[in-house]
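A.B. asks: Sequence:
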Amino acid sequence: MSYQGRRNAAFTLIEVMIAIAIVLVLIGIVAINVLPKRDQAKIGAAKIGINRLQAALEDFNLVYDRYPSDEEGLAVLWDKSALVSELEGDEAKWQKFVKSPQPNDPWGRPWGYRAESEHGADFDLWSNGPDGEEGTEDDVVSWDSESDAGASESTGEGESGG
Numbered sequence: 001m002s003y004q005g006r007r008n009a010a011f012t013l014i015e016v017m018i019a020i021a022i023v024l025v026l027i028g029i030v031a032i033n034v035l036p037k038r039d040q041a042k043i044g045a046a047k048i049g050i051n052r053l054q055a056a057l058e059d060f061n062l063v064y065d066r067y068p069s070d071e072e073g074l075a076v077l078w079d080k081s082a083l084v085s086e087l088e089g090d091e092a093k094w095q096k097f098v099k100s101p102q103p104n105d106p107w108g109r110p111w112g113y114r115a116e117s118e119h120g121a122d123f124d125l126w127s128n129g130p131d132g133e134e135g136t137e138d139d140v141v142s143w144d145s146e147s148d149a150g151a152s153e154s155t156g157e158g159e160s161g162g
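The working numbering applies: residue 1 is where the sequence shown begins, and numbers increase by one.
No wet-lab data here; the hints were simulated from the structure. Among these hints, one or two may not hold up.
[Claimed, not checked] Label pairs and their computed distance ranges (CB to CB): (1) G132 <-> A19: 38 to 46 Å; (2) S100 <-> A10: 50 to 58 Å; (3) D39 <-> A121: 50 to 58 Å; (4) L35 <-> W78: 28 to 36 Å; (5) E91 <-> A55: 19 to 27 Å; (6) P36 <-> E91: 40 to 48 Å; (7) A82 <-> E133: 24 to 32 Å; (8) L26 <-> A82: 15 to 23 Å; (9) Q95 <-> A41: 26 to 34 Å; (10) I18 <-> W78: 53 to 61 Å; (11) Q40 <-> P101: 18 to 26 Å.
[Stated by the list, open to error] Here are the simulated EDC-like pairs of lysine to aspartate or glutamate, each with C-alpha atoms no more than 16 Å apart in a straight line: (12) K93 <-> D65; (13) K42 <-> D138; (14) K99 <-> D59; (15) K93 <-> D59; (16) K96 <-> E72; (17) K99 <-> D65.
Ideal Cβ positions, reconstructed from N, Cα and C, are used throughout, including at glycine.
Let's have the full structure, built from the sequences with the hints guiding it.
C.D. replies: Spelled out as structure tokens, the structure:
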């Protein structure tokens, strides 16, 4: 086989570099379009999680005529041992208020819960959102009535429930 025949059978360095460049451009386009959607999906999941926990807290209130204390936190919704009560017979009334417990938000951090609301509600429930910082614009909160547990600026400080 002559040199000319072997040259046509192989890729040149330029051809390989062009192919790699095309693949990198495609990866960049996909990343630009997919990563923001993933964050939006997690924010949506946080809103759903807050709505589920709010419903469970309302059910708890119907049974006990109170909301969980800060000491009990959200864990009392799925774990009887978290029940701290002075009321006689509370343990006998206990039921699992959340069928599949999710003690953490979609970013893997504990939900925030405050029994004494700082926003005129019965309680405060929140996720610190993608940045993990409390009190920033990306927080997903229960007291934002405009977007029904939507992302908004949070101004309160509190303890994380879990």
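A.B. asks: If a hint holds in the structure, say so; if it does not, say that too.
C.D. replies: Here is what the structure says about each hint:
1. G132 <-> A19: 38 to 46 Å: 39 Å Cβ-Cβ, so the 38 to 46 Å window holds.
2. S100 <-> A10: 50 to 58 Å: holds, 57 Å
3. D39 <-> A121: 50 to 58 Å: violated, 26 Å
4. L35 <-> W78: 28 to 36 Å: Between L35 and W78, where Cβ atoms are some 32 Å apart, the hint holds.
5. E91 <-> A55: 19 to 27 Å: holds, 22 Å
6. P36 <-> E91: 40 to 48 Å: holds, 47 Å
7. A82 <-> E133: 24 to 32 Å: holds, 27 Å
8. L26 <-> A82: 15 to 23 Å: Violated, since L26 and A82 (Cβ atoms, about 50 Å apart) do not stay within the stated range.
9. Q95 <-> A41: 26 to 34 Å: holds, 31 Å
10. I18 <-> W78: 53 to 61 Å: holds, 56 Å
11. Q40 <-> P101: 18 to 26 Å: holds, 25 Å
12. K93 <-> D65: holds, 12 Å
13. K42 <-> D138: Status holds; Cα separation ~11 Å.
14. K99 <-> D59: holds, 13 Å
15. K93 <-> D59: This hinted pair holds, its Cα atoms lying about 12 Å apart.
16. K96 <-> E72: Holds, at about 14 Å.
17. K99 <-> D65: violated, 21 Å
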